[in-house]
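*Asks:* From first to last, the protein sequence lines stand for chains R and H.
Read left to right, the first sequence gives residues 284 to 351 (this note's numbering).
Read left to right, the second sequence gives residues 3 to 542 (this note's numbering).
Hint data in this document are derived by calculation from the structure and do not stem from the laboratory.
Here the structure is a predicted model, which is why all the values come from computation and not from measurement.
Glycine included, each C-beta is placed from N, C-alpha and C at the ideal position.
Be aware that a few hints might be false.
Claimed, not checked - Under 7 Å between C-beta atoms, here's a sample of chain H residues computed to sit facing chain R:
1. L87
2. V91
3. I120
4. T124
5. N128
6. I132
7. V135
8. T156
9. T334
10. T338
11. I340
12. F341
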Amino acid sequence: MRTKYGFTFFLASVFIFSQFFISNAYAYIDPGSMSVAFALIVGVLVGAGMTIKLYWIKLKNKLSRKTD
Amino acid sequence: MNELEKKSKRIHPFLVAFFPILIIYSQNVGRIEIEELVLPTIVIVGPAIGLYYFLKSILKNENKSAIIVTLILVILFSYGHIYYLLNDVMIDEFDIGRNRYLIPVFGLSLGIGIFFTIKIKTALDNTTTILNVISVTLILVAAGNIGLVLTDTTSCENCATYEGNIAQELFYDRIDFSSYFEPHEFSLSEEKPPDVYYLIVDEYGRNDALLEYNNFDNSEFTNFLTQKGFHVAKNSFSNYPTSMQSITSTMNMRYINFLSDEVGEKARNYKPLNEKTYGLLPNNQVIKNFKDMGYKMINFNTFLTHQHELPLADLGLCNRGANLLDNKLFDTISRTTIFGYFVERLWEDEMRKSTMCAFEEFSSVEENFEEPVFVWVHIAIPHAPYIFGPNGEPITPGTPLLLTANPEHRVSGWDEKQQYIQQVQFSNKMMKKIVNEILSKEKPAIIIFQSDHGTAWDVNWFEPSKDDVWERLRIFNAIYFPDEEKRKMLEDDRTSVNTFRIVFNSYFGSNYEMLEDKMYWGWSKKPYYFEEVTSYLLEK
């Protein structure tokens, strides 16, 4: 449950902070390069978390097999 | 295989293909209509799916095929953004943000990535899971952005009647503004009603502003106009700082601040201004008045302010075939790809053609009609992109449209202010030609050369100083009336909102009241937010 709230909070923070990267484009369409960079950084961080989680599960499985 | 891996489907290439569409849309909600998402989605996600199945049939490996597609998409769509972000980055006087360095790095990365993906012996299930998580996160960030923008745009603190509505902001259900426009009687006393020519030169500053900010003396040109009988206003201002606000106001002969109450001061949806069938700009009061008096209306497709979409026009000139870049979202996405350089050049070429065509045809179009004509064109120059030299020769801009400076040209002496002046000089040359041609005809003519706003070198849009406002709102404004007596009605300190009130009162028997001159500030992401800055200019 706590993880669920944590994740929601994390995503909400991400969205709010990403607003700071909306730049002014005057008469033209804004390419949003800063937002793209921000989204990629968040994506990579989440991906790194997922990698750790996957390998942690593998490690746990190996350890539990050894104890068996 | 653990549970997370078992669940993995290869969704990442398709989400990564959709991400550039969604993130750019999220930055431009309102300015890009939601319907415009369809075309880029088909054009980008469609081929991504096709490529995936093509690779799958060759490699016989779903994970590897999906990873290669994602890799190609990342390289393709991140290039422009990285190029823009590295634009001013120097390491020991070594400019790393140049195409000549970035293209090999990106090409090599793609080659190495594809090579190892093909050669690797593992099943790549973990990699697929991780890429799925990353791609879902990217989409969530972009979708979250859209949600926050919509929440913000539908709030309004100072609106009298507006109640926020996300569906209205996204899809916009037409609001009737007709009560804001009073009907007027006209009388054509002249035997030959004059043809009326209205040419807007985008971002053309007033003489004193050109001298102050660009060190350019424009008096030779304005003296030419004065000698020809024009009244060149020495103290003219636009009432708004952006093209869409300013021209909509001029062409409707009234301030457009009522839109704050009707649409919401934070709304971004441009449809009330530019929608083809009911927007205030294409369906403006000035054209309606001329049409009521039996005039024929002629316009030119110069890519600006929906000039190609004027339902009231009797003749549209300089049109070109539709292409994919007409979709603003697709156009912007394509400029941020590795092919952005070529997209810019293609678009500039189209702009050169349409601008030249408009200048060439402007003075002779009345020959198409027996009736009097109202000829209206909005020329893109001297505003950026800087694509013309002083004699109209083609110039390749040193500034990509989505950027403010480009290292490729900065080192080779590219100077934006100088390029701007060259476009002023070219505009002058073409306006002189137009004046000579129109005045050599037998038919009487009213000619209006006017800017929509001034320059904005280093202007702070969000917290403008008095100097910023002073620079941006000073406009070039020259009017020719065929009758010397009527030229006396033209004053030095007129603002653009009264332009056609003066014209209609002088020549068409109307009795419009002159509106009090007021100036407002705002910016393109909030077209209905208006902050009065009249006092800034009066103090100056």
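*Asks:* Next step is simple, just say for each hint if it's right about the structure.
*Replies:* Here's how the hints hold up against the structure:
{"no.": "1", "hint": "L87", "verdict": "holds, 5 Å"}
{"no.": "2", "hint": "V91", "verdict": "violated, 13 Å"}
{"no.": "3", "hint": "I120", "verdict": "violated, 22 Å"}
{"no.": "4", "hint": "T124", "verdict": "violated, 13 Å"}
{"no.": "5", "hint": "N128", "verdict": "holds, 5 Å"}
{"no.": "6", "hint": "I132", "verdict": "holds, 5 Å"}
{"no.": "7", "hint": "V135", "verdict": "holds, 4 Å"}
{"no.": "8", "hint": "T156", "verdict": "violated, 15 Å"}
{"no.": "9", "hint": "T334", "verdict": "holds, 4 Å"}
{"no.": "10", "hint": "T338", "verdict": "holds, 5 Å"}
{"no.": "11", "hint": "I340", "verdict": "violated, 14 Å"}
{"no.": "12", "hint": "F341", "verdict": "violated, 14 Å"}
Comparing the model with each numbered hint stated earlier shows that hints 2, 3, 4, 8, 11 and 12 do not hold.
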